[in-house]
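Visitor: Here is what each chain is made of, one letter per residue.
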Amino acid sequence: MVTVHQINRLVNGIILNGTAPDQDFSHAFASDLMSDVLTIDKEGMILLTGLSTLQTIRTAEMSNVYCVVVARGKRVTNEMLKLAKEHSIAVISCSSSMFAASGRLYENGIKPVY
Amino acid sequence: MEMQFHIEGGDFSGAGTASSEVKKVLKQLNISPMIIRRIAVALYEAEVNVVAHAFSGEMTVNIESDKIQICIVDEGPGIEDIEQAMQEGFSTASDKVREMGFGAGMGLPNIKRNTDEMKLSSIPGKGTTIEIIVKF
Ligand SMILES: Nc1ncnc2c1ncn2[C@@H]1O[C@H](COP(=O)(O)OP(=O)(O)OP(=O)(O)O)[C@@H](O)[C@H]1O
Ligand SMILES: [Mg+2]
Numbered sequence: 001m002v003t004v005h006q007i008n009r010l011v012n013g014i015i016l017n018g019t020a021p022d023q024d025f026s027h028a029f030a031s032d033l034m035s036d037v038l039t040i041d042k043e044g045m046i047l048l049t050g051l052s053t054l055q056t057i058r059t060a061e062m063s064n065v066y067c068v069v070v071a072r073g074k075r076v077t078n079e080m081l082k083l084a085k086e087h088s089i090a091v092i093s094c095s096s097s098m099f100a101a102s103g104r105l106y107e108n109g110i111k112p113v114y
Numbered sequence: 115m116e117m118q119f120h121i122e123g124g125d126f127s128g129a130g131t132a133s134s135e136v137k138k139v140l141k142q143l144n145i146s147p148m149i150i151r152r153i154a155v156a157l158y159e160a161e162v163n164v165v166a167h168a169f170s171g172e173m174t175v176n177i178e179s180d181k182i183q184i185c186i187v188d189e190g191p192g193i194e195d196i197e198q199a200m201q202e203g204f205s206t207a208s209d210k211v212r213e214m215g216f217g218a219g220m221g222l223p224n225i226k227r228n229t230d231e232m233k234l235s236s237i238p239g240k241g242t243t244i245e246i247i248v249k250f
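Top to bottom, those sequences are chains X and D.
Residue 96 in our numbering sits at position 96 of the first sequence, and the numbers go up by one each step.
Residue 163 in our numbering sits at position 49 of the second sequence, and the numbers go up by one each step.
Please keep in mind that the hints were generated in silico from the structure rather than gathered at the bench.
What you were told as hints is all true, and nothing was included just to trick you.
Here are the simulated DSSO-like pairs of lysine-lysine, each with C-alpha atoms no more than 30 Å apart in a straight line: (1) D:K249 x D:K138; (2) X:K111 x D:K226; (3) D:K138 x X:K82; (4) D:K141 x X:K85; (5) D:K141 x X:K42; (6) D:K210 x X:K42; (7) X:K42 x X:K85; (8) X:K82 x D:K141; (9) D:K226 x D:K181; (10) X:K111 x X:K42; (11) X:K85 x D:K138; (12) X:K74 x D:K210; (13) X:K74 x X:K111; (14) D:K226 x X:K42; (15) X:K82 x X:K42; (16) D:K249 x X:K42; (17) X:K42 x D:K233; (18) D:K210 x D:K226; (19) D:K233 x D:K210; (20) D:K141 x D:K233; (21) D:K138 x X:K42; (22) D:K226 x D:K138; (23) X:K42 x D:K181; (24) D:K210 x X:K85; (25) D:K210 x X:K82; (26) D:K249 x D:K141.
Here the structure is a predicted model, which is why all the values come from computation and not from measurement.
So here's chain D without its partners, still in its complex pose (with noise of 0.2 Å):
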């Protein structure tokens, strides 16, 4: 099954929305909680950092009988370091993020944790590629 769907950056009050589409397909298929859970995070963070760093973005969930796989393209400033983005307290966030009651520097690492595959390139200053995993 294939899901996409469209991430406005700067948009708070519709982050969220992709994920909790997704949440709901997940829950139907019989797969457990506690994965269900960890997707749910991934995905989140995901879609919060497209908001809070990028202009705009595309999800694509690809659902399969033993994973999903999602990638999330975006267009914006793009990331110059990945090694460094990946730690965990760093963070660029605008106080308007922080305000929101993000930009902890949390997210990439988080998504890492909750996955079996994270994969991150970007090209700076044109925009920024994910792709995650997660095995049923």
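Isolated chain X (complex conformation) (with noise of 0.2 Å):
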């Protein structure tokens, strides 16, 4: 069972908001486009992003994601938090880009949706 800890520990990173229901986060999509993230369903998934906004976090909760994962230090708002908190959404911050992260994650196990 892979937990938001180990995937905080995994890609070097700031856990921001620690509260998700208890999933095995086993697979990982990583992307941008908030409309390509809506098409995709997998429980259990965590979504990589470059893109720090409210409609990310937005998107995470319409299709049922719970654990996000912000790249290159991208600044997540308050407002941000707010929301992810009320939904029960980790988010997690890292310094690396989404290509480092993603590798990390997949080089250990992490398996990809597609």
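Once you've looked at the hints, go ahead and assemble the two chains, each given alone in its own frame, into the complex.
Guide: Structure below.
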């Protein structure tokens, strides 16, 4: 079972919101395109993204994604965190690029959605 | 049960509040999480379309014992060619919309995929109406 804490360690990030449902975060999808994210139906999916807007969290909320990793240290606003907390969506911020963070997750057994 | 929401064109920070409210209500109704997810995604795509492409819209949601029926009527530029708009990848989204992570031309096909019925109609220059039904 892969937890939010383990993911955070893998990407060497900071947990900005740690409350999420007890899920096995076994899969990940990396995208800045929210309309692409919304086409995926996969439980236990991590969203890796360089897009740090309120719509990132909204998209996670609608598609039942409970772990969002924001790459490149993009600023996560209080408004985003408030929404994330309200819906128990874990938010991790990491300074590495999407490519590097994806590589770290992949290397450690997190599976791609496609 | 009937609910009504106003959607403001261009208001990206507010996009999704109506869909979020509906999702909240559905969660209390003992409907399967899989169905709720489908409804939430379809509704959100439709809501974002009003925000991204129209001036303003009204969303009416009817929840019955066996289905949910949603109608969104907007005032905006409308759609010239519905068939073309329904194609995956077709988008007229502005740069601003793309910066928000949208504008891939995936929304309408995704609404279709997630719903049991979808009806899209438009009067170019006036507005667009989308009606969707999802059975529980
Ligand atoms: N409510 C609307 N009013 C006017 N035009 C619309 C409306 N909804 C959709 N369209 C037109 O249909 C096109 C396709 O819509 P669709 O939702 O599939 O993609 P998109 O909104 O451009 O991008 P995405 O949904 O992937 O973020 C839009 O680019 C726009 O030209
Ligand atoms: Mg769209």
